[in-house]
Structure formats: C-alpha cells, structure tokens
Amino acid sequence: MQDIGENEMVTETFKFDIQTVPDEIVNITPNVERCVQKSNIKDGTVTIFMPGSTGGISFLEFEPGLVKIDVPTMLQQLFPAGPDYQHHQTWGDHNGHSHLRSFFVPPSQTVPIINGELILGTWQQIVFCEFDEKARKRTIYCQLVG
Amino acid sequence: MQDIGENEMVTETFKFDIQTVPDEIVNITPNVERCVQKSNIKDGTVTIFMPGSTGGISFLEFEPGLVKIDVPTMLQQLFPAGPDYQHHQTWGDHNGHSHLRSFFVPPSQTVPIINGELILGTWQQIVFCEFDEKARKRTIYCQLVG
Amino acid sequence: MQDIGENEMVTETFKFDIQTVPDEIVNITPNVERCVQKSNIKDGTVTIFMPGSTGGISFLEFEPGLVKIDVPTMLQQLFPAGPDYQHHQTWGDHNGHSHLRSFFVPPSQTVPIINGELILGTWQQIVFCEFDEKARKRTIYCQLVG
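Protein chains in written order, with the numbering used here: chain A, 22 to 167; chain B, 22 to 167; chain C, 22 to 167.
No lab work stands behind these hints, which were simulated from the structure alone.
Pairs involving identical chains hold if they fit within one copy or between any two copies, as the list cannot separate such chains.
With a straight-line Cα cutoff of 35 Å, these simulated DSBU-like cross-link-like pairs (lysine-lysine) come out:
| hint | residue 1 | residue 2 |
| --- | --- | --- |
| 1 | K155 | K36 |
| 2 | K59 | K155 |
| 3 | K59 | K89 |
| 4 | K155 | K63 |
Just so we're clear, the structure is a prediction, and the values are computed from it rather than from any experiment.
Next up, chain A with everything else stripped away, as it sits in the complex (with noise of 0.2 Å):
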C-alpha cells in the first residue's frame, strides 16, 4: 500500500450535451478528460452522471465488436425489447426494457484523478449508452470533488 499524497479541496462542475440514436453507445472519455483539463482540480474524484431513466453509464473496451454487436445482444438477451411490459399499460408507450436497463446499468460513475489526469486502464473507456428506443438529446455532469 502506498499513500499518493493529498491537496485542500473544491467542487467543480461541469456539463456536456450529446446527441445520441438509438440503442448507440458512446464513448464520453474525451468529453471527461476535458472537464478534468479545464478544472483546478489535481488529485479528487469525478462523478459522471446523466440525469434521466432510460440510460446508463459504465466502462467498455471501445472496440466495435463489444460496442456493436456483443453488449447490445446481451442487453437484447437479458432485457429484452419486444414484450409488453407493464409499464406500457401505465403510458402507452413501449420502452419498458429502457427503464429495465437503465435500473440494471445505472446512470451514474466516479473515477478517480490523480496529478490532473483519469487513471483509466489502458483500453479502459467511459462510456454513455441510449437505452431509449428514440433519438435523444442528453444533458451529462461531471461533478469534481478534490
């Protein structure tokens, strides 16, 4: 075990928007490691969040055999779409398997920063993923603590 040192403390925030498709996930390092530049912030944490039920927030190799077809069968294959839901019943709407991914994948990660940077693994991305079965747009925070 080794101490890495400590520094005084703020709460910076920042936010993005990005436009997704369907079914897409995207990967939002870039976008995170800008908000880490642009704080002040040396040594703390990041919490990604989106605000919303219908979306999920977790960690992919960004390759296009994960992204394109292995994670989105699995999501098929343990929440599908497709059913009718109950939730359909209360809206009439017909993304009940969105609110099931995103309560299974939730919106929300921290990472920590040290000496200005993510300590992501090597093939390690942050990543957003529409669970909508529509085109949104989505708000995403980054909150720093450090």
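Take the given structure of chain A and dock chains B and C to it, following the hints.
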C-alpha cells in the same frame, strides 16, 4: 462544455431508517432530498449507501408497472428465488437469491448536487430494493461532500 | 433523519496490488480498511477503483457457497464464457465474456467512512472480481475524500 462553478468543502453525513417488506422497492428520493435540504452544501456529491448484503440502490421511474411488475419479474427471471443455492448449505437459510441480487445491484450510488438540489431527471427516482425474504428495518446513509 | 456531523476536507489516494487467478473473487476489505486507517480522514467517502476492462468491484458476504459456487455459476449463466463473441474477431483473443462481465459489474464503488471506519454491514465485504481468463496482477486505488 460549461463550467457551473466551484465552492469550498465540508463532509456532512445523515442517516434515516425505513421499514421494508420482502421484495419491496421503496422510493427514497424524498428522504435523500431532506438530507440535502438540511445540509449546508450547495454543490457536491451525495453518496447513498445501505450497510447490508441483501439490498440494492438504483434509479427507477416510480410507477406501479415497473415497480410492482416489470422489475420484480426481471429479478426473478435473472436471479430466481427457489433454487437450492450453495449459500443455503453454509447457514441453513434460504436467501441465496437475495445475495446474488445485491451483488449485481449493489447498495451504493452517487448523485451530484447543484445549487442545493439533486440533479435527477424528471422521472428518475432513487430507490432502495429490499432483496431479502424477510421484512427488515434498514438504515440508509447519505453522505454529502461539497 | 439524523445529522452525524461535519468536518474540513482533504483528498488522500492510496493504491495496493493483488495477484489473482482466473475467475477469482478476492475479499479486499482488509486492504481498504488499512488505507482508511492510514489516512487522516475521519468522515468522508472512499472510492475503490480498478483501472482495467476485465474486472469488477462489488459487495458480497464472503462465504464459500456464494464466493466459489453461486456467484461464479450465475456469472457463467448470464455472461457465458465459451461463445465466439465478436470481440474475439477484433483481437484474436478469447475473453469476450470478461469484458461483458466488467460492463455489467463495473470496477468502481464508493463507501462512506464515519468516525474513521467503513460503515459496511456485518456480513458485507468489498470484493474484487477477476473476470479475465488469465492470472493477473491488479492495482486497486482507494481514494478518500473527506
């Protein structure tokens, strides 16, 4: 990307109790909001955490179709109650599925606070999920850093 | 709702290494506790993060039934090793399931510290899950903010 501001920092910790019934999904957003209002923190994160190995915290549009039918059906499909899990051999209990559900839907989430308010989406609520097979009194912590 | 107190703030970052074998679930609670004890922070959050795209961090009662049988069986049922995932075409490797597991059980969790102690439940342990098919040396970060 828009810089929303910065401020100086404290930690404030709150806790509250809820009484659950088996498999209940509880909307704890009003409880978390009261902690945020009671605190002096205008900008920062709130970490919502339940100490325990048979519950989860996530986000959900809180309407009966999802809360009473779709999410419980999906939990039962993916992590069924009923099979004789190996966990039951260890303690002679019957809640192996409760532990599995808590592993995949863990009891920790973090939400940004901006200008004294949680930045949840319009329909997005913070929920506690009772995965245990008994009614429980649960203590939930809200720790604000900002 | 009970206000437990407030204090002034620093960030402290620690890291430690563990050696894993394929599909191992490791109890890292003692390692995280040592970081908390070594720090000067009495009240605040600890974010536990593993940089890498084939591991996960979650919570589990650490008893052999769950750790050796129930959770691995469930992981294999939901995200099976074996199928020829599209990811394998990209790099010629065979760990598509490892990436899928890390997407659904991501390597970041946050736990509150109160009065110098992690507020875990009686049976609740923090676990690192090696999803990769090879033995790995993993570096895990504990970043305390409080």
